[in-house]
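Take these sequences, add in the hints, and give me the full structure.
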Amino acid sequence: GDSVTQMEGPVTLSEEAFLTINCTYTATGYPSLFWYVQYPGEGLQLLLKATKADDKGSNKGFEATYRKETTSFHLEKGSVQVSDSAVYFCAPPNRDDKIIFGKGTRLHILP
Amino acid sequence: GAVVSQHPSWVICKSGTSVKIECRSLDFQATTMFWYRQFPKQSLMLMATSNEGSKATYEQGVEKDKFLINHASLTLSTLTVTSAHPEDSSFYICSAERTGTRRRHTQYFGPGTRLTVL
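Chains A and B supply the protein sequences, listed in that same order. Per our numbering, residue 1 is the first one in the first sequence, and the count goes up by one each step. Per our numbering, residue 112 is the first one in the second sequence, and the count goes up by one each step.
Worth flagging that the hints you see were computed from the coordinates, not collected in a lab. There's no promise every hint is true.
Heads up, simulated DSS-like pairs for lysine-lysine below, C-alpha to C-alpha not over 27 Å straight-line [unchecked claim]:
hint	chain 1	residue 1	chain 2	residue 2
1	A	98	B	125
2	A	103	B	175
3	A	98	B	175
4	B	131	B	166
5	A	98	B	177
6	A	56	A	77
7	A	56	A	98
8	B	177	B	166
9	B	177	A	103
10	B	175	B	131
11	A	77	A	103
12	B	125	B	177
13	A	56	A	68
14	A	56	A	103
15	A	98	A	60
16	B	166	A	98
17	A	52	A	77
18	B	131	B	177
In this text the structure is predicted, and so the values were computed from the model without any measurement.
Okay, structure coming up:
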C-alpha cells in the first residue's frame with residue numbers, strides 16, 4: 001500500500017543553520033506531494049506542495065523538490081529561524097485522495 | 112480566513128462515560144470534514160470522513176459504534192467517543208475541506224482535542 005517514511009526527530013539546530021528533513025514515499029502512480037507544519041499550540045497548516053515530477057514547492061523560505069526517480073520530497077531551508085520550531089509532516093495522498101501522514105519531525109531551533 | 116476550531120481543547124473523563132468533540136469551520140462551509148487520531152510521537156491516522164447530511168465513512172479497523180460522527184450542518188461535525196476507556200486516550204484532530212474545492216489537499220485543520228480517560 002501507499003506509505004511515507006519521514007526522518008525521525010527531534011532535530012535541533014542553531015539559528016541560521018541549513019535544514020534538511022528527508023521524506024520518501026511509496027505510492028501508486030505519481031501523486032501530488034505535500035508538507036504540513038504544526039506550530040506549538042496550533043493546527044496543521046499546509047506548508048508547500050508539488051503536483052508533478054520535478055516540481056519545486058516553496059513557501060516561507062522552505063523548498064521541496066518532487067524527485068520521481070528517488071521517490072523523495074525532502075524539505076530544505078537555507079537559514080532557519082527560531083520561529084521555524086514546529087513539527088513537520090510529509091504527506092502524500094493515496095490513491096483514494098486521502099492524505100497519508102508521515103510520523104512527523106519535531107524541529108527545535110536554538111537562538 | 113479558513114479557520115477551524117475544536118471544542119474542547121482537552122477533556123478528562125472517567126472510564127465508561129461518553130465524550131463529544133466538536134469541530135467547526137468558522138468562516139467557510141465544509142461539506143466534508145475528516146477526523147484523525149494521533150498517538151504520542153506517531154503520525155496522524157485517518158479515522159473517518161464526515162459528510163454533511165449523510166453517514167460518515169470509516170477507515171478499516173475503526174469501530175463505527177464507538178466513534179459516532181454527526182455532520183448535521185455545513186460548519187459543524189461532532190465526534191462522540193462512546194463508553195470511553197483508557198486506550199481511547201489520544202489526541203483527536205479534525206480537518207475541514209472547503210465546499211467547492213476539488214482537491215482533497217485543501218484541508219484546514221483544527222488545533223486538536225486531547226482526551227484522557229481515567
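Verification of the supplied hints:
1. For the proposed pair residue 98/A and residue 125/B, the alpha carbon gap of about 33 Å is over 27 Å, so the pair is violated.
2. For the hint pairing residue 103/A with residue 175/B, the CA-to-CA distance comes to about 25 Å; that is within 27 Å, so the pair holds.
3. The hinted pair formed by residue 98/A and residue 175/B meets the criterion: a straight-line CA distance of about 19 Å does not exceed 27 Å.
4. Proposed proximity of residue 131/B and residue 166/B is supported: the alpha carbons are some 17 Å apart, at most 27 Å.
5. Between residue 98/A and residue 177/B the alpha-carbon distance is near 22 Å, which keeps this suggested pair within the 27 Å criterion.
6. Of the supplied pair hints, the one linking residue 56/A and residue 77/A holds, its CA atoms being roughly 13 Å apart against a limit of 27 Å.
7. The suggested pairing of residue 56/A with residue 98/A holds, with an alpha-carbon distance near 22 Å, which does not exceed 27 Å.
8. For the suggested pair residue 177/B and residue 166/B, the alpha carbons sit about 15 Å apart, so the restraint of at most 27 Å is met.
9. Between residue 177/B and residue 103/A the CA atoms are separated by roughly 25 Å; this keeps the pair inside 27 Å, and the hint holds.
10. Annotation: proposed proximity of residue 175/B to residue 131/B holds, straight-line Cα distance about 15 Å (limit 27 Å).
11. Between residue 77/A and residue 103/A the alpha-carbon distance is near 20 Å, which keeps this suggested pair within the 27 Å criterion.
12. A distance of roughly 16 Å separates the Cα atoms of residue 125/B and residue 177/B; the hinted pair therefore holds under the 27 Å criterion.
13. Proximity of residue 56/A to residue 68/A is assessed by CA-CA distance (about 12 Å); at most 27 Å being required, the pair is judged to hold.
14. Straight-line distance between C-alpha atoms of residue 56/A and residue 103/A comes to about 22 Å, which keeps the hinted pair within the 27 Å bound.
15. For the suggested pair residue 98/A and residue 60/A, the alpha carbons sit about 25 Å apart, so the restraint of at most 27 Å is met.
16. Restraint check for residue 166/B and residue 98/A: satisfied, since their Cα atoms lie roughly 18 Å apart, inside the 27 Å limit.
17. In summary, the hint linking residue 52/A to residue 77/A is supported, as the alpha carbons are separated by about 21 Å, within the 27 Å threshold.
18. Distance hint between residue 131/B and residue 177/B is fulfilled; the C-alpha atoms sit about 12 Å from each other, no more than 27 Å.
Checked against the numbered hints given earlier, this structure breaks only hint 1.
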